[in-house]
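Chains as they are written, first to last, in our numbering: chain A, 305 to 728; chain B, 705 to 852.
Take these hints with a grain of salt, some might be off.
Claimed, not checked - 27 Å max Cα-Cα, derived DSS-like pairs, lysine-lysine:
(1) B/Lys-789 / A/Lys-599
(2) B/Lys-747 / A/Lys-410
(3) A/Lys-607 / B/Lys-744
(4) B/Lys-747 / B/Lys-839
(5) B/Lys-789 / A/Lys-405
(6) A/Lys-614 / A/Lys-646
(7) A/Lys-695 / B/Lys-759
(8) B/Lys-835 / A/Lys-410
(9) A/Lys-359 / B/Lys-747
(10) A/Lys-694 / A/Lys-612
(11) A/Lys-521 / B/Lys-835
(12) A/Lys-695 / B/Lys-747
(13) A/Lys-521 / A/Lys-405
(14) A/Lys-607 / A/Lys-727
(15) B/Lys-789 / A/Lys-410
(16) B/Lys-747 / A/Lys-405
(17) A/Lys-328 / A/Lys-309
(18) B/Lys-839 / A/Lys-359
(19) B/Lys-747 / B/Lys-789
(20) A/Lys-727 / A/Lys-599
(21) A/Lys-607 / B/Lys-759
(22) A/Lys-695 / A/Lys-391
(23) A/Lys-508 / A/Lys-496
(24) A/Lys-695 / B/Lys-835
(25) A/Lys-646 / A/Lys-695
Derived from the structure by calculation, the hints contain no laboratory data. Note that the structure is a prediction, hence the values are computed from the model and not measured.
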Amino acid sequence: MILTKEQQAILDGEKGETLAKVMKTLVMYGEAFEAEKLVPITSKYNHLVTSFGLKVMAPVYDLMQQLLDAGVASGQKFSVDPRPLDKNVPANFLQNFVFNKFMYTKQDFYEGQLKELGLMNDDAFTCACYMDEVGNKPQKGEVLSWAESSAVVYANSVLGARCNRNSGIIDIMGSIVGYVPYFGLLTDEGRKATWVVKVQTTKKPEAQLLGSAIGMKVMEDVPYVVGLDQWIGNELNDAACAYLKDFGAATASNGAVGLYHIANLTPEAVELGEGIIAEGAQEYIIDDAELERVKNNYPVIWKNPDAKPKLCFIGCPHLSLEQLKEWTDNVEAALKKNGQKKVTIPTVFTAAPKVLEAFEKTEYASRLKATGVITSYICPLMYMNNPLCKKMPVITSSNKLRTYTSSRYYTDAEILEAITGGKR
Amino acid sequence: MRTFQGRVITPGEVTAEAVVTTQGFNTLASLQMALQFGDKEVKCGDQNNEELHGKPLIGKALCLPQTIGSTTGGLVLYCACSLQKNPACMLFANHIDSLAAAGAVLADVWIEGVSMPVVDSLGDEFLQYVKDGMKITVKADGVVEVEE
Chain A
305 MILTKEQQAI
315 LDGEKGETLA
325 KVMKTLVMYG
335 EAFEAEKLVP
345 ITSKYNHLVT
355 SFGLKVMAPV
365 YDLMQQLLDA
375 GVASGQKFSV
385 DPRPLDKNVP
395 ANFLQNFVFN
405 KFMYTKQDFY
415 EGQLKELGLM
425 NDDAFTCACY
435 MDEVGNKPQK
445 GEVLSWAESS
455 AVVYANSVLG
465 ARCNRNSGII
475 DIMGSIVGYV
485 PYFGLLTDEG
495 RKATWVVKVQ
505 TTKKPEAQLL
515 GSAIGMKVME
525 DVPYVVGLDQ
535 WIGNELNDAA
545 CAYLKDFGAA
555 TASNGAVGLY
565 HIANLTPEAV
575 ELGEGIIAEG
585 AQEYIIDDAE
595 LERVKNNYPV
605 IWKNPDAKPK
615 LCFIGCPHLS
625 LEQLKEWTDN
635 VEAALKKNGQ
645 KKVTIPTVFT
655 AAPKVLEAFE
665 KTEYASRLKA
675 TGVITSYICP
685 LMYMNNPLCK
695 KMPVITSSNK
705 LRTYTSSRYY
715 TDAEILEAIT
725 GGKR
Chain B
705 MRTFQGRVIT
715 PGEVTAEAVV
725 TTQGFNTLAS
735 LQMALQFGDK
745 EVKCGDQNNE
755 ELHGKPLIGK
765 ALCLPQTIGS
775 TTGGLVLYCA
785 CSLQKNPACM
795 LFANHIDSLA
805 AAGAVLADVW
815 IEGVSMPVVD
825 SLGDEFLQYV
835 KDGMKITVKA
845 DGVVEVEE
């Protein structure tokens with residue numbers, strides 16, 4: 305890698321040992337990808353994936369403390385993934401005991417570190433930081449040092465920003481030196497599609513199911529998806545963005561996708577058309593049968609596959625304001641159809657604190673509350689990490705949550721029926 | 705014995721028993737529970753990976769195509785190394801992915817006294833040949849010896 309004089313000076317220790325190690329980390333990281341240089345980060349804000357004060361992650365907090373003690377925190381502020389705990393989310397005495405005494409014992413300490421390192425504000429805890437209400441929405445072409453797979457894939461694909469799939473810790477280190485290595489999804493070449501995915505379904509495919517299928521097939525490659533615009537349109541409106549948010553999260557968690565292109569919809573696909581497809585791209589056809597095959601192959605790890613669900617999570621990644629409204633309408637209608645007044649399975653909708661604040665100001669909030677649905681700002685994954693929660697039969701419409709936990713995936717329509725007393 | 709030439713990501717030499725997956729290794733899903741709840745064997749917790757689920761990973765030569773999943777993967781790997789609950793080495797058939805690279809580099813730069821050699825680009829033939837239980841020796845120059 306060829307460094308500037310300034311970068312070399314940092315690496316040589318002229319600005320202290322800690323900063324030299326940060327630079328060494330980024331240089332070694334970049335050299336693993338044949339990066340020839342470091343480029344400046346140009347986004348206003350960063351986004352970090354590590355939001356949880358888990359006891360076992362003590363080595364991470366020790367490293368953060370080294371950075372703080374050396375005074376190397378940069379001026380770039382950041383948002384961070386959701387908090388793990390909220391007393392409003394149903395949990396019994398023992399579950400709470402494990403949460404508070406064994407698991408997230410370092411939460412307050414770590415949040416203190418985040419504030420010192422440059423957290424945007426007390427509400428900046430969400431995986432969907434690009435929501436207008438949250439305000440961390442990079443522009444097309446901006447270079448980021450983000451982590452959080454669902455946020456990276458959204459920023460790259462829907463916003464046209466440029467970011468590699470950085471790990472936690474690398475995210476803050478980029479901010480500290482102000483540079484990231486130039487490779488992969490930062491480059492024009494790296495953003496070319498090496499898969500053409502043809503969507504040939506007879507109805508609108510479920511976002512997280514489609515994303516799962518594509519993620520598992522292409523792994524970390526870049527897919528160019530044809531035929532999806534007929535279902536979600538060729539305008540990046542609220543509905544399309546929400547769909548792509550969920551779709552992308554599934555591609556990134558079920559596989560390792562950092563960027564996708566949707567023909568006639570996402571910025572680079574619109575700008576470059578099929579010119580964004582690399583020579584020799586492979587093909588993957590997805591029809592109704594393929595989606596059914598993928599769904600039927602998900603392992604069910606409940607001890608009793610027929611157990612009555614005890615909890616339902618909707619909102620991984622966090623819901624948008626429009627999604628909260630739409631779910632409110634749908635839950636109300638389904639309850640009425642099924643002759644129920646309240647949801648029959650404890651149900652939690654998760655969203656960013658600022659999105660929930662905006663939702664509370666609408667007439668939908670009281671309507672949703674009346675259905676018995678609970679709203680929260682947590683990361684459902686962090687909740688499900690509790691082994692006592694893992695044992696519970698939990699259902700979700702999130703394929704990302706399914707991948708990492710014992711929760712069982714159902715489509716939006718299936719979940720709606722299940723939580724409103726219909727058949728499952 | 706067969707030998708394969710790879711590219712050194714983080715240096716070191718080690719001999720260990722192979723544990724193999726031909727699927728993407730989901731680092732978070734595989735390690736989180738084991739690390740969190742003190743599993744001494746660090747058994748793989750990824751229910752989506754039939755090849756590895758339930759198998760001990762600590763001190764093994766983990767042979768894989770690449771890692772996938774959450775961007776916490778790198779720091780999970782870093783924590784595993786810090787807690788000395790890591791595989792003995794990680795041997796990638798493909799080019800290493802960004803999350804595993806981050807974890808390996810973080811461990812190499814920031815942890816004293818812990819070595820986890822990582823070699824990539826060993827090729828598809830490596831992953832087709834190596835099987836669970838085979839004896840793996842990793843050399844400093846990225847040569848990987850595989851004995852039945």
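Problem set entry | Hints not upheld, ascending by number | 1, 8, 13, 18 and 24
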